[in-house]
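Q: Sequence:
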Amino acid sequence: MNTINLIRTVVTVASFVIFLGLMAWAWSARRKSDFEQAALLPFADDASPTGAHHV
Numbered sequence: 080m081n082t083i084n085l086i087r088t089v090v091t092v093a094s095f096v097i098f099l100g101l102m103a104w105a106w107s108a109r110r111k112s113d114f115e116q117a118a119l120l121p122f123a124d125d126a127s128p129t130g131a132h133h134v
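Counting from 80, one number per residue, gives the positions in the sequence shown under my numbering.
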């Protein structure tokens, strides 16, 4: 039973560290301009003509 508990602990700690890394990456100042640009994508004009249909 000790082996399975060790594996569970390692996976939990690794998942938490990965989560914290993703949060730091998402909230970093270097990524702010990229995310601001991506936030405006739904409001951008489409380049396709009005009669074109998406398949």
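None of these hints come from the bench; they were simulated from the model.
You may find that some hints are simply not true.
What the hints assert, rightly or not - Pairwise CB distance ranges (calculated):
1) N84 x P121: 42 to 48 Å
2) S112 x N81: 30 to 36 Å
3) L119 x A93: 33 to 39 Å
Every residue, glycine too, gets a C-beta built ideally from N, C-alpha and C.
Q: Next, verify each hint and record whether it holds.
A: These are the hints, each one checked on the structure:
{"no.": "1", "hint": "N84 x P121: 42 to 48 Å", "result": "holds, 46 Å"}
{"no.": "2", "hint": "S112 x N81: 30 to 36 Å", "result": "violated, 49 Å"}
{"no.": "3", "hint": "L119 x A93: 33 to 39 Å", "result": "holds, 35 Å"}
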